[in-house]
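**Student:** Take a look at the letters that make up each chain.
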Amino acid sequence: MERIQIAEDLSFTRIIHGLWRLADWNMSREERLKLIEQCLDMGITTFDHADIYGGYTSDQLFGEGLALKPSLRSKMEIITKAGIALISENRPENRIKHYNTGKSHIIQSAEQSLKNLQTDYIDVLLIHRPDPFMDPAETAEAFNQLKQEGKVRHFGVSNFKRSQFNMLQSYLDFPLVTNQIELSAYQLENFEDGTLDLCQEKRIPPMAWSPLAGGQIFKQEDEKAKRLIPVLEQTGEQMGAEGIDEVLYAWLLAHPAKIMPIVGSGKAERIQAAVRSLDLKMDRQQWFDILHASMGHEVP
Amino acid sequence: MERIQIAEDLSFTRIIHGLWRLADWNMSREERLKLIEQCLDMGITTFDHADIYGGYTSDQLFGEGLALKPSLRSKMEIITKAGIALISENRPENRIKHYNTGKSHIIQSAEQSLKNLQTDYIDVLLIHRPDPFMDPAETAEAFNQLKQEGKVRHFGVSNFKRSQFNMLQSYLDFPLVTNQIELSAYQLENFEDGTLDLCQEKRIPPMAWSPLAGGQIFKQEDEKAKRLIPVLEQTGEQMGAEGIDEVLYAWLLAHPAKIMPIVGSGKAERIQAAVRSLDLKMDRQQWFDILHASMGHEVP
Amino acid sequence: MERIQIAEDLSFTRIIHGLWRLADWNMSREERLKLIEQCLDMGITTFDHADIYGGYTSDQLFGEGLALKPSLRSKMEIITKAGIALISENRPENRIKHYNTGKSHIIQSAEQSLKNLQTDYIDVLLIHRPDPFMDPAETAEAFNQLKQEGKVRHFGVSNFKRSQFNMLQSYLDFPLVTNQIELSAYQLENFEDGTLDLCQEKRIPPMAWSPLAGGQIFKQEDEKAKRLIPVLEQTGEQMGAEGIDEVLYAWLLAHPAKIMPIVGSGKAERIQAAVRSLDLKMDRQQWFDILHASMGHEVP
Numbered sequence: 001m002e003r004i005q006i007a008e009d010l011s012f013t014r015i016i017h018g019l020w021r022l023a024d025w026n027m028s029r030e031e032r033l034k035l036i037e038q039c040l041d042m043g044i045t046t047f048d049h050a051d052i053y054g055g056y057t058s059d060q061l062f063g064e065g066l067a068l069k070p071s072l073r074s075k076m077e078i079i080t081k082a083g084i085a086l087i088s089e090n091r092p093e094n095r096i097k098h099y100n101t102g103k104s105h106i107i108q109s110a111e112q113s114l115k116n117l118q119t120d121y122i123d124v125l126l127i128h129r130p131d132p133f134m135d136p137a138e139t140a141e142a143f144n145q146l147k148q149e150g151k152v153r154h155f156g157v158s159n160f161k162r163s164q165f166n167m168l169q170s171y172l173d174f175p176l177v178t179n180q181i182e183l184s185a186y187q188l189e190n191f192e193d194g195t196l197d198l199c200q201e202k203r204i205p206p207m208a209w210s211p212l213a214g215g216q217i218f219k220q221e222d223e224k225a226k227r228l229i230p231v232l233e234q235t236g237e238q239m240g241a242e243g244i245d246e247v248l249y250a251w252l253l254a255h256p257a258k259i260m261p262i263v264g265s266g267k268a269e270r271i272q273a274a275v276r277s278l279d280l281k282m283d284r285q286q287w288f289d290i291l292h293a294s295m296g297h298e299v300p
Numbered sequence: 001m002e003r004i005q006i007a008e009d010l011s012f013t014r015i016i017h018g019l020w021r022l023a024d025w026n027m028s029r030e031e032r033l034k035l036i037e038q039c040l041d042m043g044i045t046t047f048d049h050a051d052i053y054g055g056y057t058s059d060q061l062f063g064e065g066l067a068l069k070p071s072l073r074s075k076m077e078i079i080t081k082a083g084i085a086l087i088s089e090n091r092p093e094n095r096i097k098h099y100n101t102g103k104s105h106i107i108q109s110a111e112q113s114l115k116n117l118q119t120d121y122i123d124v125l126l127i128h129r130p131d132p133f134m135d136p137a138e139t140a141e142a143f144n145q146l147k148q149e150g151k152v153r154h155f156g157v158s159n160f161k162r163s164q165f166n167m168l169q170s171y172l173d174f175p176l177v178t179n180q181i182e183l184s185a186y187q188l189e190n191f192e193d194g195t196l197d198l199c200q201e202k203r204i205p206p207m208a209w210s211p212l213a214g215g216q217i218f219k220q221e222d223e224k225a226k227r228l229i230p231v232l233e234q235t236g237e238q239m240g241a242e243g244i245d246e247v248l249y250a251w252l253l254a255h256p257a258k259i260m261p262i263v264g265s266g267k268a269e270r271i272q273a274a275v276r277s278l279d280l281k282m283d284r285q286q287w288f289d290i291l292h293a294s295m296g297h298e299v300p
Numbered sequence: 001m002e003r004i005q006i007a008e009d010l011s012f013t014r015i016i017h018g019l020w021r022l023a024d025w026n027m028s029r030e031e032r033l034k035l036i037e038q039c040l041d042m043g044i045t046t047f048d049h050a051d052i053y054g055g056y057t058s059d060q061l062f063g064e065g066l067a068l069k070p071s072l073r074s075k076m077e078i079i080t081k082a083g084i085a086l087i088s089e090n091r092p093e094n095r096i097k098h099y100n101t102g103k104s105h106i107i108q109s110a111e112q113s114l115k116n117l118q119t120d121y122i123d124v125l126l127i128h129r130p131d132p133f134m135d136p137a138e139t140a141e142a143f144n145q146l147k148q149e150g151k152v153r154h155f156g157v158s159n160f161k162r163s164q165f166n167m168l169q170s171y172l173d174f175p176l177v178t179n180q181i182e183l184s185a186y187q188l189e190n191f192e193d194g195t196l197d198l199c200q201e202k203r204i205p206p207m208a209w210s211p212l213a214g215g216q217i218f219k220q221e222d223e224k225a226k227r228l229i230p231v232l233e234q235t236g237e238q239m240g241a242e243g244i245d246e247v248l249y250a251w252l253l254a255h256p257a258k259i260m261p262i263v264g265s266g267k268a269e270r271i272q273a274a275v276r277s278l279d280l281k282m283d284r285q286q287w288f289d290i291l292h293a294s295m296g297h298e299v300p
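Protein sequences appear in the order of chains U, L and F.
For the first sequence, the UniProt record's numbering begins at 1 and goes up steadily by one.
For the second sequence, the UniProt record's numbering begins at 1 and goes up steadily by one.
For the third sequence, the UniProt record's numbering begins at 1 and goes up steadily by one.
Everything labelled a hint here was simulated from the structure, so no lab data went into it.
Please note that a few of the clues may not be correct.
Among the chain U residues that face chain F by a calculated CB cut under 10 Å, a handful are [said to hold, decoys possible]: (1) I84; (2) E93; (3) N94; (4) I96; (5) H98; (6) Y99; (7) N100; (8) G102; (9) P130; (10) F133; (11) N159; (12) N166; (13) M167; (14) L168; (15) S170; (16) Y171.
Each residue gets a CB set at the ideal place from its N, CA and C atoms; glycine is no exception.
Given the sequences, and given the hints that come with them, work out the whole structure.
**Tutor:** Now the structure itself:
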């Protein structure tokens with residue numbers, strides 16, 4: 001599978017598997033190992049986690065599967081995130097949902113992730129959300145310590161706008177390697193507000209969360225979805241896609257910013273659809289067909 | 001006429017003539033030459049084109065006029081644009097309106113412009129609109145090739161916001177020389193969203209399209225126009241202007257950003273009005289009178 | 001009192017006294033001196049002025065008080081502002097409210113401030129509002145001249161957004177030292193639009209005007225105020241605050257950006273409340289409690 005260079009010594013697969021809902025899939029330990037192996041067999045070697053997924057349980061579930069075959073660790077890249085604090089029986093100290101990008105929280109979160117994932121290094125650690133209470137000097141200290149100790153190889157962010165990215169970057173001696181943002185044909189915000197422009201300016205390949213818009217398109221409950229569906233279907237027919245999910249992935253993959261869609265499914269056939277979309281060729285006019293359907297008007 | 005330095009080896013006249021609607025003017029070849037000569041006689045030496053104007057016909061119409069007296073080429077500066085793809089019988093390959101800033105499209109468009117304009121160089125080539133599907137590395141390759149081949153002397157953009165400008169600039173070894181944006185007392189968007197600030201920060205004199213707001217002020221169909229008209233009239237009387245179009249030009253010319261208004265008329269007397277506005281002196285309080293009328297309230 | 005380093009050779013007190021409404025307080029010269037001395041006794045050594053406060057009278061009223069004990073000048077830092085031109089019997093040349101950041105206006109305003117304040121130097125001069133008619137090269141000339149003549153030690157801005165800050169900064173050989181912006185738990189705009197991010201990126205401690213939101217919270221006339229009051233009261237009880245004004249100050253002081261709230265009261269007990277807030281400890285979750293109440297929803 002095509003790989004995207006993230007740093008001199010690190011690349012991701014173009015399609016990334018996301019473990020956001022692993023806890024919901026009620027998989028046995030063996031099934032979790034099987035899911036990992038299926039991904040690897042399809043060529044997907046990059047896995048996206050966060051400390052909070054599944055109420056602070058997903059990374060542990062993944063780690064248990066991985067521990068059945070520890071040799072797989074060297075064949076994969078692991079991304080995880082820190083910085084959100086949820087109300088959870090697993091975090092009784094959290095009275096309300098809030099963000100914490102303080103030094104000790106980031107370090108503790110990363111160390112807990114290492115333990116839960118049953119690995120001794122994280123490939124990329126992301127700050128999960130821009131924290132309006134951020135002390136970037138503190139966050140940078142956490143990054144430096146985790147890097148020096150060999151616990152985390154590279155750092156990035158998620159959901160950061162331009163001012164937030166530039167602010168944190170200015171406190172670091174090394175470049176942030178990615179920004180994981182919501183990107184889909186349904187949700188154009190980061191295309192329109194300059195966030196994707198900054199990724200291209202800084203040569204940072206973005207990761208796309210909710211590349212299928214979390215199913216909102218399929219529900220067809222709003223005008224935008226109703227406009228998109230027939231255009232996606234028609235484009236899919238033109239390209240030989242088997243479903244509109246493939247067209248949605250192809251729309252992101254066709255963009256020059258090297259967008260890496262995150263597939264958050266536990267079903268092999270759904271993951272396979274994302275992988276198949278890599279072979280689809282979407283031309284420029286097809287790309288604008290879909291953009292126009294999403295915007296509700298043509299470009300000016 | 002006052003000239004604005006655009007690059008070390010290039011200057012524009014403060015008033016620029018725009019050929020957007022040349023095809024609508026139904027001029028004979030001789031009349032087109034006459035229009036060019038009238039502009040030059042008034043001191044306007046800079047002409048603004050785009051590949052798409054007149055459904056891909058304007059530049060050819062201009063070129064035919066110029067060809068009657070080729071020696072005029074060395075007395076003028078020619079700006080043209082590429083990057084928009086229109087539905088047109090002249091471009092049967094375009095199924096929908098879209099943008100194309102790909103390498104081959106930009107080069108082909110510029111080469112076609114050279115042929116149509118009957119010239120062997122373009123002074124400044126602009127990307128017409130920010131392209132949400134832009135591969136800036138490709139666009140930069142096109143620029144480099146056109147520059148090396150002597151076909152285009154300098155490059156700029158049009159309608160670019162800050163993030164888009166910074167993104168493309170970061171892929172170039174030379175500075176973009178202008179941003180052609182909508183600027184008028186009626187349409188304040190680029191004054192308010194930081195686009196003009198970036199021009200001043202980067203020392204890039206902006207070109208103003210629709211400096212008269214495309215006639216929307218004169219129609220007086222909305223509250224903003226109704227507020228502006230009496231203030232423009234009163235300011236015109238104070239300054240000795242012959243019409244409110246002169247006041248609208250003077251409002252842009254008074255601004256310190258070295259704004260170059262584009263006059264898009266085929267009538268000598270309308271062009272002359274723009275030139276006359278160069279002699280009007282608008283003071284700071286008059287400038288704010290007009291700003292307040294446009295905003296509907298005074299500054300905070 | 002805690003001091004914030006503003007430049008190598010200048011620091012401000014964490015709490016700043018603002019003289020915006022000095023003219024309204026109808027104080028005798030002796031009372032004005034007493035107010036200054038009370039501030040100094042409480043540890044507040046930094047005083048915030050503007051040429052226009054009190055219809056161009058406040059700085060003179062302050063200067064008259066200071067002149068009763070000129071030795072106090074060396075114990076304080078004086079900030080003032082220029083750039084707004086008000087309709088006032090004291091400025092008959094102003095026909096309308098407007099901005100003026102031109103060279104001669106800035107220099108004249110600063111020189112008048114020196115005379116009115118009865119001092120021979122201003123510690124920091126701020127441009128009061130971003131001027132849509134700014135010639136940054138001219139403003140920079142004014143700054144350079146005032147600095148060379150020893151009349152102003154450092155320069156900053158007020159109410160500048162990112163594009164405006166970067167634009168003016170690009171014309172200066174020295175760093176702007178602060179941005180005085182509206183910041184409060186009630187008014188989140190500068191937290192949300194990247195203005196505060198830029199302060200942190202540029203290592204510029206911001207000054208906060210209207211840290212109590214100009215009393216809008218206390219009036220409880222809108223939903224936001226109604227949401228905030230009970231949360232501020234509860235947080236105040238948890239922290240041992242004597243009033244919700246202290247909680248509002250503490251919310252700004254807890255933020256890592258080194259925000260310096262401006263206390264605009266003439267009453268010693270109100271000023272004392274701000275000083276007391278320095279001893280309050282607000283933790284991260286309490287900070288987000290107040291943020292959530294202001295936003296009307298929790299963070300995403």
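**Student:** State the violated hints by number, sorted upward, taking the hints as numbered earlier in the document.
**Tutor:** none
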